[in-house]
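Q: Given next are the chains, with one letter for each unit.
There are 2 protein chains.
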Amino acid sequence: MNLVWIVPLSGVLALLFVVYLAWDVLRRDKGTKEMQDVAATIFEGAVAFIKRQYLTIAVLAIIAAVIIGVLVSFEQFTETNVKGIELGIRTAIAFLVGAAASALSGIIGMYVAVQSNVRVAGAARKGVEPALAVALRGGAVSGFLVVGLSLIGVYLMFLAYGGLSGTEAARNAPFLIVGMGFGASFVALFAQLGGGIYTKAADVGSDLVGKVEAGIPEDDPRNAGVIADLVGDNVGDCAGRGADLFESTVAENIGAMILGVAIFAVTKNVDWIFFPLVVRAFGLIASIVGVWATTTLPFFKLNPGEEPMNPMFRGFALTVVLAAIAMYFVVTQLLGNVMFFWAGVVGLLTSVAFFLITMYYTESRWRPVQSIAKASLRGTGPNIITGLAVGLENTAAPVVTVGIALIASYWLGAQAAAALHVEPYVAGVFGTAVATMGMLMPAAFILAMDTFGPIVDNAGGIVEMSGAPADIRKGTDALDAAGNTTKALTKGYAIGSAALAAFLLFSAYLDKVAAVRAAMGLPEAVVKASHTVDLGKVEVFVGAMLGAALIFLFSSLAMRAVSQVAEKIVDEVRRQFREIPGIMERKNKPDYARAVDITATGAQRAMVAPGLLAVGVPIIVGILLRAEAEAALLMVGTIAGIVLATVMNNGGGAWDNAKKFIESGEFRDEKGVVHKKGSDAHKAAVVGDTVGDPFKDTAGPSLHVLIKLLSTITLVLAPLFI
Amino acid sequence: MNLVWIVPLSGVLALLFVVYLAWDVLRRDKGTKEMQDVAATIFEGAVAFIKRQYLTIAVLAIIAAVIIGVLVSFEQFTETNVKGIELGIRTAIAFLVGAAASALSGIIGMYVAVQSNVRVAGAARKGVEPALAVALRGGAVSGFLVVGLSLIGVYLMFLAYGGLSGTEAARNAPFLIVGMGFGASFVALFAQLGGGIYTKAADVGSDLVGKVEAGIPEDDPRNAGVIADLVGDNVGDCAGRGADLFESTVAENIGAMILGVAIFAVTKNVDWIFFPLVVRAFGLIASIVGVWATTTLPFFKLNPGEEPMNPMFRGFALTVVLAAIAMYFVVTQLLGNVMFFWAGVVGLLTSVAFFLITMYYTESRWRPVQSIAKASLRGTGPNIITGLAVGLENTAAPVVTVGIALIASYWLGAQAAAALHVEPYVAGVFGTAVATMGMLMPAAFILAMDTFGPIVDNAGGIVEMSGAPADIRKGTDALDAAGNTTKALTKGYAIGSAALAAFLLFSAYLDKVAAVRAAMGLPEAVVKASHTVDLGKVEVFVGAMLGAALIFLFSSLAMRAVSQVAEKIVDEVRRQFREIPGIMERKNKPDYARAVDITATGAQRAMVAPGLLAVGVPIIVGILLRAEAEAALLMVGTIAGIVLATVMNNGGGAWDNAKKFIESGEFRDEKGVVHKKGSDAHKAAVVGDTVGDPFKDTAGPSLHVLIKLLSTITLVLAPLFI
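Each protein sequence line maps, in turn, to chains A and G. Take any residue in the first sequence, note its place counting from 1, add 63, and you have its number in the numbering used here. Take any residue in the second sequence, note its place counting from 1, add 63, and you have its number in the numbering used here.
Just so you know, same-sequence chains aren't split out, so a pair can sit in one copy or run between any two.
Subject to a maximum C-alpha distance of 30 Å in a straight line, what follows is the list of computed DSBU-like cross-link-like pairs (lysine-lysine):
hint, residue 1, residue 2
1, Lys631, Lys734
2, Lys274, Lys734
3, Lys631, Lys746
4, Lys189, Lys723
5, Lys274, Lys739
6, Lys746, Lys537
7, Lys746, Lys274
8, Lys631, Lys740
9, Lys746, Lys723
10, Lys274, Lys723
Since the hints were made in silico from the structure, they are not lab data. Small disclaimer: the values here were computed from a predicted structure and weren't measured.
So that you can see chain A by itself, here it is in the shape it has in the complex (with noise of 0.2 Å):
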């Protein structure tokens, strides 16, 4: 049966959707005065430095299409029959065409997100339901965009070279798009990384000025820092992940097409390339009926007295129960073995787990926040400490989890090796592609959950500016912990994700090494030692050493561009109380333009060194040690950046937790005594907070693009390295 032109319906239906969405949500109430000049001035911001850090990433982008249509074009032999220039020329427009999409899919969703805050600080007026509603769309329209985008773009990208022209060039397509999967991530890098910063270095040196030392609460308007950090909001959580899972879905969908090539080199049946992208199709679809749902259908939508997570949940699980069922209609219909159902499966039990294990390490209700808030008791020392004990732990079960998924996946695979005629090893691999599909079929509602985070965020932050009654304030309050949790959960998922998605990209690249050493005419044997990466060689043991190690050095340079960034800040932030009368008193406003200039600037430049550094150390590994120590890098890199992110991500998420526990007064010592917001406890708490925020929104995100970067880049260069 073919189902290609689902694809494209699917991309094209997500869009409707999208500006179905987006619609519904500019047509709302934008509530008062006070609101709209808050949300005004931070749309103003967040414009302006999406304006010039997007400039400084363009001109990064083509010095970069240019660079490497050059390097492509010199590559003496591929695995393709386009060669020379004509080679350069492709792959240096793929590269263009992946940065633009991302940058777009960053930009739109960015723009809607800040365009819905005041709509949903208007909408908790009227109570917390309707807030959520048009939280949660205004979030759909960043997830809907960022996956219909990918998948169009994956799409044409495919038809223009050639991919439904016949089965030779079937074959071709995928590894000539590669360079859309480069182009994505490195427009994604830069973006995370200064959005990233940006937003932690508004975070951390506002709230040090404010909070801290001049005693004033969190989004004052007296604080110079404040609509800064509600920029940040925008343009790290929103704009930076946009940018972040475009790429990811990019790349692991023609990851997922070359695997299908080798498939298909046997069959002769040219499902096995596009059922990645089928699959994906319906997954979309299922998106967009769970997210309809959850904020349409008596059942699904939030009831009066309840958790405002239960409807996402509810809405997640129908979209996995859609998709589950669409993915045995889809393998059964294409691939015509109910093994890769099972691998489908096992990737969607996947992407469940990772949501418990999430919840149980960053919510309150359990042991690891809870120690984080007992240790606090006994001051900032032992914050530190069990908050790094806790994000240290917490590696354990997400790793354990993505190996029975990657075990299981490839054994289910491999028992269809037989009726297929290929080897197990092939159809094994093939299975945990089958098995990523399968976790990335609710992508885009989950990426939907991830804006709402940073939206209800900003709704908060307009409330309270906008000297709001304190009952709204209470509904926003209860979003915002809810939008905690799901900025969490997706981190979670995100990186879960990688883990699982990492085989089947090291296996495109092994593939493609393969491919290119066919075509030098080198012997059968050499061609087929191109998939071993034989840690027992010492220039190999030492390319995987070098992987770690560029992992620890990148999160350290983040982190590092966050302090100082963030002293500019306090410095700014202090020079205003000193220097303009009457801040304090309210009868001044402070100068936020000049603060969120600082930011932008420091971010800006703070970005690029880290980014050099990503992009610098694979290519120079590479060349000197060649392809198979450079699979190492790869992978041995992939590993540790996916276990520091996951420190990062929880650990960063508990120590902000373990603070929000405290400060909702439910904390209680042995002996009964509360401990609640203003305690000495709290006081270690917010600082394990300020920690935690570099952790778990700079260095952290900017290592799930740096490990994906990684396999983009080392698909598109591979000829070099051989």
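Given chain A, put chain G in place with the hints provided.
A: The following block gives chain G in isolation, referenced to the frame of chain A:
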């Protein structure tokens, strides 16, 4: 030329030197009555803990020996002609010998260290120079005991298992004594964990109540936890490190001998198997000269007004030069190929490079520590973020250094392949082994410097608690600062040598797997494939991920243990302040013994979980996922361990020295204002130090042992995983 006789000779020389040093230290003046009282209390506490801890360890070791003996007895195929129950008994005996010798090294070294501290305090009344000499000689007892015992132990076991009786037996013997390495690392793991938890729980706990809450200085006799803190320096830093370096020496020597077997198989020259022992023997003699010169000869001794580190650097330089000369002699006599001399020089240079890197990252003269001090001006959060950034950053230089050393020594070794008629791989791996031996030649000198640290730390505590005059305290403060540097340097050296040794230990494991497969009569191709560790296979990749996760989870448990035991001490010290009247007015003494007892019980319980995790996970993974995945667990676990231990050791050292830098009164902000002890910046730096303590003295050093344990477990139990 037969040089084997040098091995027992150098061991005996070292032991005679130990006796001389111990006699020399013990005959010294024990200072005032007050000093002796304090020292006696420390001594009691240390002995009590050691008794209790080693009793537990002995029970665990005997159980482990029985289990291992039984497991090994069931092995159908082995790499030697010894099998069945005989093999089981031999392995169990080797395990117990290694365990006993490791325990002995730790206990005697600590005994002399505890005896030295009061002599150093006494000598400090006459000046810094005699105090330094006593402390370094006291430390040298531990260093030479460990290295001497390990050489004699391996030599005797080798002799007992037929290593000198003929060529075939010589081939088998190294495999038969690997159990000794496992036993040694088993004991070292628990000793380092228990001691490390003890020392930092006592330190953090008593500081939290004393310095932070009650506002009394460190080492103040009114603090009930202060003796536990001083005891901790001995049981953690001396006993733990002694056991750790004993097992490192044993494991690395045996691993290198196993690699020698591969060359012996072709050349039939047994010198290739003895080479590692002989070269270490010369290194031991060079170290004896180095320590003797540093504490005796006019040019090398401390000059008036000089930094206490300088004489140690001069002594170290002398040792390295002598070692290089000896390396040339041994290589030309035994191996007859000068390429291996250059490989040895690479190792010696690596040890120097690690000294320089560690100094850069942990001394207050350079950017990293100064950046932490500077961040402290903006509060605790920035201090922690910057400290973590420094820790993460400082992984890059060591990894690049080890990478270059591995590739260079492999290349040098491979150049000798043609002359030896062996494969380049075999000669290359032996080249890395020679480099490792070169790096380890000055090990005894380094270990002397290491134990110097806790001795002068204790001496300072005794001077403070005995109420000695301020100028004596000034002298011991200078020595204490030098002790912090030596402790950091030796930890850097230990991790560096572990990283360099890792490759030879992996290769020894792979050699053993190949030997067992050959004994099973498997086809040549399968035997050869044993040297491949292919990350492209799904179960191997999962093994690699689990290796990284094990490292992180283990660190988490170690850090959490410190936090939990510290909590108990905080409660106890608070209770004593509350319930014992007149402590603060110095009318009544606190109950030190009870605090010591609580710490000991807590540390001993807390060490069990991480210890069992470390032993259990590699066995379970090996049995479930088999030999190749186990190799990946070992390799990637080692990489993750090296990187994380470097973060923790040097990050912790940098935090500590940032605090000391502020306390020194030399730290100025941008405007030139001095921020000294008691300032807000100092308070932030104290918290950073509290976080760094379990990093650098519990988790970091324990990770070092864990890496070695992984190597020895896999070496001993390899046949189970095939």
